[in-house]
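Participant: Sequence:
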Amino acid sequence: ITEQKQIEKHLKEISEHMNQAQMLSGIGSWKYDILEEKFWGSPEMFNIYGSKLENNDGDYTNLLKLIHPDDQPKVQEAINTYLAGKPYEMECRILLNDGSLKYIIAKGLPTVDQDGQVISILGTIQDITEQKRLQQEIEKIQNRFQILVQESNDVFEIIAPDGTIKYVSEASEKIIGYKPEDRIGKNIYDFYEGVQLDRVKSMVKAAIEYPDKVVHGNILFNNIYLDVHLKNLIHEPVIEGIVVNFRDITNRIKMERTKNGLYLYP
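Its first residue numbered 9, the sequence shown is counted upward by one per residue in the numbering used here.
Honestly, the hints are just simulated from the structure, not real lab data. Heads up, some of the hints might be wrong.
[What the hints assert, rightly or not] Heads up, simulated DSSO-like pairs for lysine-lysine below, C-alpha to C-alpha not over 30 Å straight-line:
{"no.": "1", "residue 1": "110", "residue 2": "73"}
{"no.": "2", "residue 1": "187", "residue 2": "174"}
{"no.": "3", "residue 1": "148", "residue 2": "187"}
{"no.": "4", "residue 1": "94", "residue 2": "110"}
{"no.": "5", "residue 1": "39", "residue 2": "140"}
{"no.": "6", "residue 1": "73", "residue 2": "46"}
{"no.": "7", "residue 1": "94", "residue 2": "82"}
{"no.": "8", "residue 1": "140", "residue 2": "82"}
{"no.": "9", "residue 1": "148", "residue 2": "239"}
{"no.": "10", "residue 1": "82", "residue 2": "46"}
{"no.": "11", "residue 1": "110", "residue 2": "140"}
{"no.": "12", "residue 1": "239", "residue 2": "182"}
{"no.": "13", "residue 1": "82", "residue 2": "115"}
{"no.": "14", "residue 1": "182", "residue 2": "262"}
{"no.": "15", "residue 1": "194", "residue 2": "182"}
{"no.": "16", "residue 1": "110", "residue 2": "148"}
{"no.": "17", "residue 1": "239", "residue 2": "187"}
{"no.": "18", "residue 1": "73", "residue 2": "140"}
{"no.": "19", "residue 1": "82", "residue 2": "110"}
{"no.": "20", "residue 1": "115", "residue 2": "46"}
{"no.": "21", "residue 1": "194", "residue 2": "174"}
Sequences are here, hints too, so could you generate the full structure?
Facilitator: Now the structure itself:
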C-alpha cells in the first residue's frame, strides 16, 4: 500500500497548499450539493464569516443568517439564478458576532448533469472589507474637496497640453460669468485675443517646459483682472493635464491704480 499512502500524502499536501493560498488571497471556496442538500466550505470561507461552522453537517442556513437583512433578497436572487443554470455574482454584507460588518463578493457557477439539470453549485467568497473601507475614505476626501472647491472664490480648471478645457469648477460662473458647461470641451485660447492671448500661450508653454515649477501671471479677461497659477500635472493619473487656478483681483488693481493716480481703467 506504499503507493496509495504516497498518493494520500500528496493529496493532503495539495489540500494544505490550497488552504494556505486561500488564506493569503483572502478568497474562500464552497460547494452546495443540491441533490443531497449538503454544503461544504473551505477553512478560509468560514474564517471570512468569522464563524466556527466547519462541523455544521452541511447545513448552510446558519451561514445565511449572518447575511445582513437588507442583503437577503440578493441571496434569494442568487439562488434562483443558480437553479436556472446561470452564474451569478453579488456583493453583500456579513454581520459578525461583535456587531461589525464585513463586505464580501460571492461568485457561484452551477454544474449540470447530462440531462441539463442543476445538481450542484461551486463558488468562491472574497473579503473586500479593506478595499471597501479605502473606497469610502477616498469618497469622503473627494466630497470634502468638492465642497471646498464649490465654496471657494478661486476657479480651478484642468486643460490638456493643446489647451482643451477638461474640467472647470463651479466658481467659474461667479468669477468670469461662464458656467462650467460653457467652457468644458472648448479651447482656452478661444477666450482670449491679442496681447492676452499671447500671454496665456506663453504661460501654458512655460508650464509644459518646466513641470516642476508653478507658472504665475496676471491676465485680463473681459475687463476682469485675474491672478493665474498653472501647474503641470500631466503625468498624474488622476489629473492628466495642466491645473489652472485663478481668482478675481480687479478690485485690488483698481485700488493700486487709484493710489498711483492712474484713473483710466482698465
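Participant: Work down the list of hints and note, for each, if the structure agrees.
Facilitator: Hints, verified against the model:
1. 110 - 73: 14 Å, holds
2. 187 - 174: 13 Å, holds
3. 148 - 187: With Cα atoms ~26 Å apart, residue 148 and residue 187 stay inside 30 Å; holds.
4. 94 - 110: Between residue 94 and residue 110 the Cα gap is close to 26 Å, so the pair holds against 30 Å.
5. 39 - 140: 26 Å, holds
6. 73 - 46: 17 Å, holds
7. 94 - 82: Status holds; Cα separation ~15 Å.
8. 140 - 82: 18 Å, holds
9. 148 - 239: 25 Å, holds
10. 82 - 46: Roughly 21 Å separates the two Cα atoms, so the pair holds.
11. 110 - 140: Answer holds: residue 110 to residue 140 is near 9 Å, not above 30 Å.
12. 239 - 182: 23 Å, holds
13. 82 - 115: This hinted pair holds, its Cα atoms lying about 12 Å apart.
14. 182 - 262: 19 Å, holds
15. 194 - 182: 19 Å, holds
16. 110 - 148: 19 Å, holds
17. 239 - 187: Holds, at about 23 Å.
18. 73 - 140: Since the Cα atoms of residue 73 and residue 140 sit roughly 22 Å apart, the hinted pair holds (cutoff 30 Å).
19. 82 - 110: Distance of about 16 Å is within 30 Å: holds.
20. 115 - 46: 18 Å, holds
21. 194 - 174: Judged against 30 Å, a Cα distance of about 8 Å means the pair holds.
When each numbered hint is compared with the structure, no violation occurs for any of them.
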